[in-house]
Each structure stands twice: as structure tokens, then as C-alpha cells.
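Colleague: Sequence lines, in order, name chains P and Y. Start counting the first sequence at 9; every next residue gets the next number (our numbering). Start counting the second sequence at -15; every next residue gets the next number (our numbering).
It is worth saying that the hints were derived from the structure and are not from the lab. The structure presented is a predicted model; accordingly, all values stated were derived computationally and were not measured. Honestly, I wouldn't trust all of these hints.
[Said to hold, decoys possible] Listed below are the simulated DMTMM-like cross-link pairs for lysine to aspartate or glutamate, each with C-alpha atoms no more than 25 angstroms apart in a straight line:
(1) P/K276 / Y/E24
(2) P/K25 / Y/D210
(3) P/K285 / Y/E24
(4) Y/K290 / Y/D261
(5) P/K19 / Y/D222
(6) P/K288 / Y/E167
(7) P/K25 / Y/E196
[What the hints assert, rightly or not] Stretches of chain Y that chain P covers, calculated by requiring three or more beta carbons in the stretch to come under 8 angstroms of a beta carbon on chain P:
(8) 46 to 52
(9) 204 to 213
(10) 218 to 232
The C-beta atom is built at its ideal place from N, Cα and C for all residues, glycine as well.
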Amino acid sequence: MPEEITTLIHKYLRHDKKFPHVWCPGCGNGIVLGSIIRAIDKLGLEKDNIVLVSGIGCSGRMPVYVDVNTLHTTHGRALTFATGVKLAKPSLNVIVVMGDGDATAIGGNHFIHAARRNINLTAIIINNHIYGMTGGQHSPTTPYGNYASTSPYSNIEHSFDIAELAVTSGASFVGRGTVYHVQLLAGLMEKAIQKRGFSVVEVRANCHVQFGRRNNMSDAVTMMQWFKDNAIKIENAAKMTPKELEDKFTIGILTDIHKPIYTQEYEKILQKAQLRKETKK
Amino acid sequence: MTTKKATNRLLLQGNEAIVEGALAAGCRFFAGYPITPASEISEVLSVRLPQEGGIFIQLEDEIASMGAIIGASLTGLKSMTATSSPGFSLMQENLGFACITEVPCVVVNVMRAGPSTGLPTRPSQGDVMQAKWGTHGDHPIIVLAVSSVRDCFDITITAFNFSEKYRVPVIILSDEMVSHTREIVTLPSAKEIEIINRHTPTMPPEWYIPYEDNSMGVPSMAAFGDGYRHHVTGLIHDIRGFPTQNPDEIKAFMERLFRKIAVGFSEIQLTKSFFLDDAEVAIIAYGSVARFARQAVREARENGIKAGLLQLITLFPFPTPVVKKVLKRCKAILVPEMNLGQIWTEVSMVSEDNSKLHQYNRIDGQSITPQEILNQLIAINESD
Chain P
9 MPEEITTLIH
19 KYLRHDKKFP
29 HVWCPGCGNG
39 IVLGSIIRAI
49 DKLGLEKDNI
59 VLVSGIGCSG
69 RMPVYVDVNT
79 LHTTHGRALT
89 FATGVKLAKP
99 SLNVIVVMGD
109 GDATAIGGNH
119 FIHAARRNIN
129 LTAIIINNHI
139 YGMTGGQHSP
149 TTPYGNYAST
159 SPYSNIEHSF
169 DIAELAVTSG
179 ASFVGRGTVY
189 HVQLLAGLME
199 KAIQKRGFSV
209 VEVRANCHVQ
219 FGRRNNMSDA
229 VTMMQWFKDN
239 AIKIENAAKM
249 TPKELEDKFT
259 IGILTDIHKP
269 IYTQEYEKIL
279 QKAQLRKETK
289 K
Chain Y
-15 MTTKKATNRL
-5 LLQGNEAIVE
5 GALAAGCRFF
15 AGYPITPASE
25 ISEVLSVRLP
35 QEGGIFIQLE
45 DEIASMGAII
55 GASLTGLKSM
65 TATSSPGFSL
75 MQENLGFACI
85 TEVPCVVVNV
95 MRAGPSTGLP
105 TRPSQGDVMQ
115 AKWGTHGDHP
125 IIVLAVSSVR
135 DCFDITITAF
145 NFSEKYRVPV
155 IILSDEMVSH
165 TREIVTLPSA
175 KEIEIINRHT
185 PTMPPEWYIP
195 YEDNSMGVPS
205 MAAFGDGYRH
215 HVTGLIHDIR
225 GFPTQNPDEI
235 KAFMERLFRK
245 IAVGFSEIQL
255 TKSFFLDDAE
265 VAIIAYGSVA
275 RFARQAVREA
285 RENGIKAGLL
295 QLITLFPFPT
305 PVVKKVLKRC
315 KAILVPEMNL
325 GQIWTEVSMV
335 SEDNSKLHQY
345 NRIDGQSITP
355 QEILNQLIAI
365 NESD
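Looking at chain P on its own, in the form it has when it is part of the complex:
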């Protein structure tokens, strides 16, 4: 193992945690975790000032391995807890890791409102198109026509585009990457964590065990190939026809805008409240 990786492992992973981890061999979640850690390291964030929050599912198990302040919440509710943490102590860097079902099915309402509210949080959504931990049931991002343990005759629902949903809901920064394009992914993580405002990174990740197996991609390598063949860099997509873009998805930065941040706006509320209190006296 290259020295750089062992150094990161020693610095950021918990040594007293009961390894091995819960993820299947070849799971994409490890790559996402690696990208988050590399971004944290590159940005030079203090471990004491980071809170890593998660919901429920395979992605939910990520924080326990990381030696920062970690919070493993209830299914779909990670952003609500993160909202409380961030507002109560705005100096903390709050990173929220969720899955596709976690963030856009049970937690869909919290997700769009967090984006609208623009609290300075970073939401990383690992989109593996399936409920992995519970046995491969179809999720809001299972493609139309695909198979899952609860859509044995094929999925007749249409899927969410998580990154586009985030853009429409008002997120300040939205990026999309895959676990195949790791360098792009690390860059997106870095920008998202740095961004002042609500930032989102959707990561297309492989669950070959539950999703791939039912859809002719039963190993990690085949799924990586799928990401490689179907991901189009946003700058290249602009030059392609709708026909060429059919069944493809874009990767890169979808939006990067500036709008007032909740915590900054709240400072103004505090000042106004003080003023009213003093004039009342």
C-alpha cells in the first residue's frame, strides 16, 4: 500500500473500531469514503471541528469508521440532525452522507427543504440505485425497466435525477461524479466542503451485489465499465445531441451559485432582536 494511503488511514480512521467494515467486497462506498477523507486532508480541516452525519443503510455505516465527531441518525433524517448541529455551532464543518433511498424517498422532504433553506452543510448522496442493506428493493433512482427484489417483473416507476433535484430545490453547489472517476470525485468533494451554503455531491456508486446482479452487471468491474461508458462530462454534453445523450448522465459541476447563507442571515436576526429588546427596555 502506498505510504500516502497508510498515512491517511492512520490519521483519519478509528483504530479502536471493530474492523472489518460491513460493506461487501468491491463495494463503491469505500471509494466514496476515501474521497471524503482525501478532501478533508487536502483542505486541512481539524478533526475536532468536523461532524460526519449519516442516516440508515449501507451509507449510514460510514461515520463509525472515521475519527471525527460522528452521528449515525435515523432513516432519512440525517439532514434534520445536521441542521440542529450546524445552527447550534456554526463553526463546525458538517458533512452528511446519505443513500439514494435515504435522501430522496424517506428523506426527500428534508432534502429539498435543506437545499431551499441554504444552511452551510455538505450533503453527499451515494446513489447505487437500490436499497442494498435490506436486500435489493427498488429505490427512487432505480432506472425504469430495471429489476429489483420488489420489482421482479421490471420497474415501472420513473427515477429521480438527484443532482437536478438539488439544483431545482435551490442548492448553492451541486456536483455529480461516480466511483469510477475518482479524481473528479475528490475534486467535487473538496469544492462542496469548501462551498459556503448548501452543497450536494451525488455519487453514482456500484452495488453489484443487489443492483448489478439483477441487471446483468454482477461484478464490480462490469459496473465500473457501466459508469465509464455512460458518464459524460458536462462540458462535452453541451456539444452532443439529445439522441446521443439518451441513457447517459452528466458528471461535473451542475451549479455553483452564491446566495445568502442561513447562518449568516441568522446573525442579522440576532442583531435585530437585540435592537428590539433594547428599545423595549
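With chain P held as given, fit chain Y onto it using these hints.
Modeller: Frame of chain P, contents of chain Y only:
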């Protein structure tokens, strides 16, 4: 802490008194969702909390509100939410999270009649059992009931104190009658109020074991960002906070959760007694009904009936020893409730002679009047 003059005479409604109590107790974070008859708590706090440097936020629903107050409490802020019965149903999921992670927080439920949307917004006491058993799994919880505007102030402070001391969510059950009644109250000054804060670790971070047992059964609680990096999870965890499936560790953890409430039981069981010393017929009541029962007791005594009242402030853990004493001493017991007997069931479980017990229940959205209780007392007295 609120800065108040020595004489603090105010005209307040119950919901406003809850706000005053919360601020006096040191509450600095509130998240909530609009619902009648609890909305005044949000409205007044949206003005008052920022004036005290605290955070007020209205969220997308009650689920989010409950999550946010837990998150805020994990950074060290005293936190609260307030709702009414349908919203309380939505909070149950994350309320369980607060129980298992032992995060102090206070939840106010201004009860209205249910089930479902029920009777907006008529008084009820229909959520007594939901307060105890609403979230899944065996869990200890403290439930307090308020009966007057002054109660709303005092009991809210007590709720925060219990929550901080025992690291347990505390539910305050109010009802539409208490919350919307206005009366003049004289509130104590800050100096007269006892405030308890959670125990925080003082050892070097590398020695900190987040869920280590001690004589109280209440581990010290580090705030996120204070250098004591640790894991918080809704999974059953070992003393370091990491998930465990080990039966010995699970048993030790669950037993400690209940033990800490048992250790503090004598100070947690709060009741008030009126004319119980020589009472032959006793009323056991709580919330607004207790207040009307007091009036009924006075009138019964004028009619020559030796009546008394045991007012329950703490509903759970159920104050069994005090109730048992009353059961033993009195010939007959009346339990009037704005539900079909949720506390009556608890009373009957500790009673050795259920033939002594009498119920009086209303579930039609109307409050129980002193006259109705008096009529019951007269009937019971005549039948004996």
C-alpha cells in the same frame, strides 16, 4: 438566563409560561412546526430566543424538528420543541433516538382530542400512553403534566433539569385548557430558580469513554466540537458508543438506561396533595382536570364529604409508592380523565382492591367541570 425584576407579576397564558420557563431554564434552541393549540410557544420563542442569543427555527415538519433539537443538544445547547397530538405522533421516531443516545431535550405536547386530526382544538388527555410508549422498544422516559399557568413555568424548568441530570428526553403534557387559560402569575426571580446542567467530561479526551457506567448510571456528555470525538448512534452500542450485538453488552446498556431513572425515582416522582390527611374519598387527577378536581374537593368538604386530591405531576415513571399510600388509606378512589382511563389503568395495576376504584371519563372534546366531579363524589359517598 432571563433578567427579571424582583417582583415579576405577569398576565400569561399557559403556552407563554412554558416559554418563560424554558428561557429561565437556559433553553437556547427551539425547532418546531405550526400546530394548534401549541403555536403560541413557537411564536413567542421566535421573538424571545434571538433576544437571548438563541436559535429559533421553523422546520418542514415535526420529524425534522425533533431531529434538529437532538442535533443542537449534541453540541451542548439546551433544546426544546413543542407540538400538539398529531405532531407528537410524528416525533416518536426521533424521540426514540434521543432515548437510546441519551440526549437531553424537552418535548411539549399540548394535547388535543384524537385519534388522527381529531378535534381541533378541543382539550384532551388522550396522549398519556403515547407519551410513555409512543416510540418503539423498551425505553425509559419522564412524563410531566401541567395543570395551571404557574405550573407551566415551574414544570418546564423541572423538565429541563431532569433532562440534563438524567440524560433523558422529558415530555411535558399540557392540554388545550391549560395552554389557553390566561391568569396573573408571579414568577420567581432568576436567583430563586435552581438550574441543573448536564455533566460534561473533564478528563483528557483520550481517556473519555462516552457511555461508561457510574453510580448514577448517567455518563458525562461531551459536546461536538469540544475535542472529545466520539460516535453517536441509534444502534444499541457498547460503552465506547460503537454498535454491538453482544448479549452481555446489550443487557448492560439497557439495564443502565432503566437504572438511572430508578436511582433518581424519589426526586422524579412529583405529586401534590390536597386535604388527603383525613380523606375518605380521594381523587387522583392531573393536568387541567386536577385543577377542577381541587375545586370539587373544596365543595365536597362544604357538603360534609371528606374528599381529598392527589395531583400527579409526574405521570411516568408512575409514582406508585404515593398512589399506593392513598389507595390504602381511602375508602374510595375517583380517577377523572379526558380519555377512557389511561391513568386509571396504571392506578388499577397498583391497586389491591379494584372495587374501590371509580372512573369518570369524557372523550367528547369537553373539559370535565368541578360540578361533574362533585356529582361523582356525592354519588360515591352515597353508595358507600
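Colleague: Flag every earlier hint the structure violates by its number, smallest first.
Modeller: none
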